[in-house]
Amino acid sequence: MSALTALARLRAVREGRAQPAATVRHCHIAEAPMVFIPLRMAGEAAAPLAAMIGTDPGSPRLLVVPQPRDRDLRFAFAAELAEVLLPYVEGFAKETETATRRGAEPYERCLSAPQVLVPNGQAAAFTGLLGRSTRFRRAEGPYPVHPSVPVLGRWLTFFAERAAYPGSSLLVSATDALALHWTSGQSGLEDANLAALLGWIDPPPGLTGLRAAQEAEDPLLWPPAGPATDPGFDNEVLAPAIEGYTRAPTARAVERVREAVRTQLEPTWRLVWRAAELLRGLPAGASVTRRWEYDRGAFTEFLGRVAEGGPPQARRDGAVAAASRLARMERARVSFDVQRAYDDPLIMAEYRLTGEAFAGEVIAADPEHTEGEGRSRKLRPLVTIRTVDPVRLAAGTAVGTPDRRGQEAELVATDGGEITLKITKGMGRGKTPSPGAVPAVGERVCYTSLTDDFQASASLPDPDLTPWTHGGPPEEWVPDDADAAEHWE
Amino acid sequence: MATDRLDALRGPVPPRPHDARAIAALAANPGCARRAVLDAAGIDKDSTARHLGFPAPFGQSRFAITRGDVFEAQVKANGCAGLLRLLREVLGLPIPLVAYHDAADVGAHLRHAHTRALIDRAARDSDDAGTFYDHPLLSLEIAGHTSYLEPDVVAFRLGGRFHIVEIKSFAVIDGQAEPAKVAAAARQAAVYVLALRRLVEELGHDPGRVSHEVILVCPENFANRPVATLVDVRRQLAVLRRQLARMTGVGDLVSGLPSGLTFDLAADADGVPTRPVAELAEAIGTVAARYAPECRSTCDMCLFCRDEARDEGSTDLLGRHVRDELGGVAGVDEALALAEGTRGPADGQEEIARLLRLADRLRAESLEPAR
Ligand code: SF4
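Line order of the protein sequences matches chains A and B.
Just add 244 to wherever you are in the first sequence, counting from 1, and you've got our numbering.
Just add 1 to wherever you are in the second sequence, counting from 1, and you've got our numbering.
One or more of the hints may lead you astray.
[What the hints assert, rightly or not] Listed below are several chain A residues computed to face chain B (Cβ distance under 8 Å; list not exhaustive):
#, residue
1, A289
2, T344
3, G476
4, L570
5, R636
6, A638
These are computed hints drawn from the structure, not numbers from a lab.
From the three backbone atoms N, C-alpha and C, an ideal C-beta is built for every residue, glycine too.
The following block holds chain A by itself, in its conformation from the complex (with noise of 0.2 Å):
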């Protein structure tokens, strides 16, 4: 939150519609998207009622738990649930290119993965709890399950970690990724109400975003996106419904509470596909592209790991890897904003706001500038940016550019709205710069201080040499007859 979104907030109050908090996509939009819609019982941890689930928005399947509390009832739902979403996953397999990392052997890459769409926050949570009800499940011993469960769990295991990470987007929370398009003239709290966000950004003809939004809340018109229902849903529709079912187990009970659920289900199941039409809207931000090819890489890493039968996650880290973890998390998170600050001028504004960037017109330039004598004499080009920015940079900061990328410059000298730089690389090896690589006199240009450079992963010892003082090493996680028993009541 900063005074820049606080304006857009009230902009969007004013004008009655939600207003723009980037003007690129900052995230990936599959083609065809898996969308997940998961319900839960209420009361119960993780006891799934239904989900809506497909990637045609015009044939979605429904599953459905007649009686969410009967065990054998939820293996059956989570085993379909597998036959819906592993041939979507394991298709992604068949395509592949070989890629190349620095100072690491070329590895197979698949052309593309995965997308997992869910409506909010709370969908992505649960399917990480679907997962973790599910992976250690065994098809031998004492208590099989269908064989396809234990896989289904390792991936919803797969996908929740993923959607955790900045700049992920292998699993996608609608409202999340809107609200990081989108500004709405309601509380970030009211945000996480897919159809009353949807209802700020894209209201229905002749409705203001505000009248739209408080139709949201009317669960009567508005069923909530889950995975909790609506307790009056809950108390009037579905409780006889299931109580029908605990009678007398028919083909018209379990009909009964399906068509209870599809109620629920269908109008976020269209505004899960407007979400991601209106984010396909959007031109996709530079690096999107890359942090895609971060993804499939993640993912094709998993698939091996899951097509060599490795074992599932375990249910806590080590210390070391709960380490190692929050510090990628943390340099993704970092890389990620960068990234959009880049890509995105609005999001750059937030830097020029705090004075960790300027834009400004470029009023001198001496491209041919040289630095040293003799054979350490270095070509330095001096440009010198007038702006009425708040710069808060220290002469010798180091600065980058999003319009030239890879350029690296650091600043000379500030004198009150004038600040010379000298550009440092990227302008070519020649005596002279390379054309263009020296902006010119007249031209707009914005320079920062934010870099992505990736520092090296803070050295963490080996999961083998945990100290003892953290519990020794990992013991790695054999899941036995007892975990696969896990009660699921």
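Go by the hints and put chain B with the ligand onto chain A.
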């Protein structure tokens, strides 16, 4: 007298008792005068909001209620036998012999007296036997009114010490529970700790014998097996004490209100409110609110206050973060006028006006199609 004024504000109905949930929520928006007055007067906010046409959005699912009841019954089965095993683990003590007293053994009207007698005896005994007191009916004085607390906890005494045990049906999965739920449970438990401390003190014992560590019992992972966790509620206790002290000082707020003001719903013989809605809304409007989006999970009046904030064009609607960024500028139009330069800053607004002007320019520049 402040109490008379509070009674007049409420009208001829008994003050509404606060349950622990409501008391815990008192601390949720301490800056709100409206809430302080309504609560001090023991006004039924739920009915008030309903009558105003803004019923609170706090429905509860039958499934959740049933699940909570089943879990609680399971934990308390056989005189809390299962609970005892958990306490041994979590307190790390060998707990010998255990007695179980149900304060609800007597009729409702006697329950409070019965609880007092039980706790008094317990505080005198200091043997090593553990003892459970189920359904204790505790009370807390709130702005001159005694509120009785819903007895959904167990008090446990071991040696000379009491612990509050709170049973909740949200799950702890791999050692973690939803933070918002844990926080709410801690706030509620603090209310019980405070009430039990006051009772122990009234009976002439040391209130410090009621531990600030409460025991939270929740189902573990995906099964119904209970697990116990110690939760330190000192911080919640401090907030609660402060808020209760503030409510005792509600007299100042009330004495500033117009005489003859009342929030009486004027219920007819069948209990149906007959007070003209516009009149009631106006009466409520005389006490200043301090709406925040968080009210939506803590106060029955939330939708009414939100609507009011919207009509007033208040920046409160957008959340505290936004309000903070706006340097406390209260009106949407005012803030926009400062940003757009159509209004000069008032005294003390120079800094925020400068920032908003800058933000406005940067936004405009960044949104220009050709930069
Ligand atoms: S909803 Fe209204 S009365 Fe309640 S705390 Fe918020 S502002 Fe105060």
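Hints breached by this structure: 2, 4, 5 and 6
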